[in-house]
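Novice: Residues per chain are reported as follows:
There are 2 protein chains.
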Amino acid sequence: MATRSSTPRRAPTRRAAAEGRSSVPRRRSGKAERAVPLPLVAANDESGVAPTPRRNRGRLPARRATASVASASRVRYAVIGLGHIAQVAILPAFAQAAQNSVLAALVSDDPEKLRKLSRRYGVRRVCSYDDADELFESGEVDAVYITLPNSMHREYTERAARAGLHVLCEKPMAVTSEDCERMIEVTRENDVRLMIAYRLHFERGNLEAAEMAHSGTLGDLRFFSSNFSMQVAPENFRSSRKLGGGPLYDIGIYCINAARAAFAAEPTAVLATAVTRRDQRFREIPETVAVMMKFPQERIASFTCSFGGADRSAYEIVGTKGSITLDPAYEYAQGVEYVLRLGKRKREKRYEKSDQFAPELLYFSNCLLHDNEPEPSGEEGIADVRVIEALNRSVETGKWVSPELPQRRRRPTLRQEIRRPGIQPPPLVGGVHSATM
Amino acid sequence: MATRSSTPRRAPTRRAAAEGRSSVPRRRSGKAERAVPLPLVAANDESGVAPTPRRNRGRLPARRATASVASASRVRYAVIGLGHIAQVAILPAFAQAAQNSVLAALVSDDPEKLRKLSRRYGVRRVCSYDDADELFESGEVDAVYITLPNSMHREYTERAARAGLHVLCEKPMAVTSEDCERMIEVTRENDVRLMIAYRLHFERGNLEAAEMAHSGTLGDLRFFSSNFSMQVAPENFRSSRKLGGGPLYDIGIYCINAARAAFAAEPTAVLATAVTRRDQRFREIPETVAVMMKFPQERIASFTCSFGGADRSAYEIVGTKGSITLDPAYEYAQGVEYVLRLGKRKREKRYEKSDQFAPELLYFSNCLLHDNEPEPSGEEGIADVRVIEALNRSVETGKWVSPELPQRRRRPTLRQEIRRPGIQPPPLVGGVHSATM
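Protein chains in written order, with our numbering: chain A, 29 to 465; chain B, 29 to 465.
Wrong hints could be hidden among the right ones.
Any copy will do: because identical chains look the same in the list, a pair fits if it lies in one copy or spans two.
[To be verified] Lysine to aspartate or glutamate pairs mimicking EDC-like chemistry, simulated, CA-CA at most 16 Å apart: (1) K144 with E209; (2) K270 with E312; (3) K349 with E239; (4) K374 with D339; (5) K349 with D339; (6) K270 with D399; (7) K322 with E263; (8) K381 with E359; (9) K381 with D248.
What the hints contain is simulated information worked out from the structure, not anything from laboratory work. In this text the structure is predicted, and so the values were computed from the model without any measurement.
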């Protein structure tokens, strides 16, 4: 299958080579950017990245396609889409990722957002979606952070990759696995990096849960269960089928990803049932979806995700010797807490709210600057989308569906932790409202 | 359907009338039994029982079939089966139910259990299973508490009912709905009462959860989820298919019952998947079963029950405005705790361990003495068994199965609460071990 290709991936395409793009290091703009010595400092020295050999430190990676950022110590990002998550989390995160990441441009069709946010963050380069290609080709940015509605992820990944820009894309990676495959292809063809923004792959509470699952602390694993629920706001793109909304794509994906991480495996068969009700929010999408997933070694995961229930955000991994319950589990606006039960012993742990977006920037920029393959990759992103596609088929047929997923070699581990203090979200601009009621 | 019959139920059968049983009040034995004035004192005055009209208080109920206990102020029980739950919970419970309940006889095939437990509890009448009919006809007991393996519930209900004894039977009511129907019929034919021992129908934490679900406190209900898991001990009857064991019958039934109570409704379609593994405990039964249930009004319940996972015992009800999470939820060996979340508010409540068996005795005896129909009734018991049968069919076919269940009129409410202090379980005798590892 396309996503499993073991053929060499790094050769520049003929087109890119013909245009000579990757051989011309981009010039950087913006006098405020001060070089910081490499390697970047993460919460720990490992952060999931293979260390750069000492003799190479501070030197430019040899890889041609990263030439655009290789001459710099900081990656210049264009943030594409200025909705709720961009405003409350992604844009503010650059302040804590400044050692290797710069917010260099803003892309939106809303002049008010561009005006106010460029002023707030001191970003001089702004443009509309129509003019994005010009920005991408301008040499002013090295990478994009795509935080558009899900249905637009593929298009902007293609446009950015063709311009030689690296892509950090919000999850879900796309609405269809076909789109995901194309995103993987186009970034390979253009020899740029692709990362899917699974923020919890850097969050300590979630990584500790995975660690306990993998290390045998909980014994042999038996089952996983989760509830993720919120009251989605009306007129939100999450309620639009056309834009790729719905509880599975938006929040169910967290449960799927957590179960896959817990079991370090891919589901072999999945089943879902969906309900809806008369509510303007649920004209195009289901309100609630309940899911079961069979995993290898006779393990089972189940979860319920809902856009019509009160806030819940929890999961539980149960093994033969113990269990861990994360509650809240999936949040970025509050800290993660868990209860570990081993026999009669019960240990509670609470992490203060942290900035879960700066770590993504720090890590992805580090990958670009050190020529490492980022993980969570496109292969991680497409796995969840394939599961969602299978679940959607199951909702239609009422039957078990087997998604065909290659086993992944890399899974989230504590080595990936990067921690930055929580931030106070700034006021929203441009008619953006909270995603929930 | 047979269980919904609205025909008069109280007329003595011809056989019973011919034998003249119900017209001959039983003589009571045992000088230690002191009469206590009716009505019995419960944790509150309501305890789910319609109050006896004042003019009738202290007088004998008119109903002929209860003549056997009508002349007494205390109901004399034979406990049938002296396994783990009888030893740690049921036998000790009589001390706190002494105002209207007496432990009058013990039935077992184990001479050591009979000898030691009769001495411990001062019970002079003991007998083997073979001699049970003689005990039942002896006039020395008014009711039986059946705590045998599930597959034997029907037989002993029939034997007791035919002898004119009232029946308090452990859950699951039986292994098949056919058995349950016969149990309902035989108790009606013989004009005796039948109650299924759903101890949580009297437990405050669980009743508060149901109350919040029904009262609108949580808003309109959306979904229910639960995990119930333990490491079942080897050589336990719970692992025997022939004896009616397995995780659905033994612990899944709690999840089913809690979901039905939460939604005050019956599931319209159910689905299950079961896994097992090489382990002597799981040669005849599955290790873990995961379940989904569709309820009216687009509500969904799901749960996982396992005999091979570490201890978990929790459920959650989520509505549009809030949620309640009970954890632990189903235990009798520890207190029930819950977290109620309403908007941003979070309230935690913890109930100390209580004796959940004395309330069953107090309530059932009260029903007998006041001529009230007990609830949880046989109709409540058969509902769960029908759901389990449908789930077992679903495990075989991998498809949704619709159990045919009449809507019930009575549901657990706070009015049913009866509270007695927790007890220290006495040492086990006769080679009985803990049911869990």
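Novice: If a hint holds in the structure, say so; if it does not, say that too.
Specialist: To see whether the hints hold, each was checked on the structure:
no.: 1; hint: K144 with E209; result: neither (36 Å within a copy, 72 Å between copies)
no.: 2; hint: K270 with E312; result: within (8 Å within a copy, 49 Å between copies)
no.: 3; hint: K349 with E239; result: within (15 Å within a copy, 34 Å between copies)
no.: 4; hint: K374 with D339; result: between (25 Å within a copy, 12 Å between copies)
no.: 5; hint: K349 with D339; result: between (30 Å within a copy, 8 Å between copies)
no.: 6; hint: K270 with D399; result: neither (36 Å within a copy, 63 Å between copies)
no.: 7; hint: K322 with E263; result: neither (35 Å within a copy, 28 Å between copies)
no.: 8; hint: K381 with E359; result: within (9 Å within a copy, 33 Å between copies)
no.: 9; hint: K381 with D248; result: neither (31 Å within a copy, 31 Å between copies)
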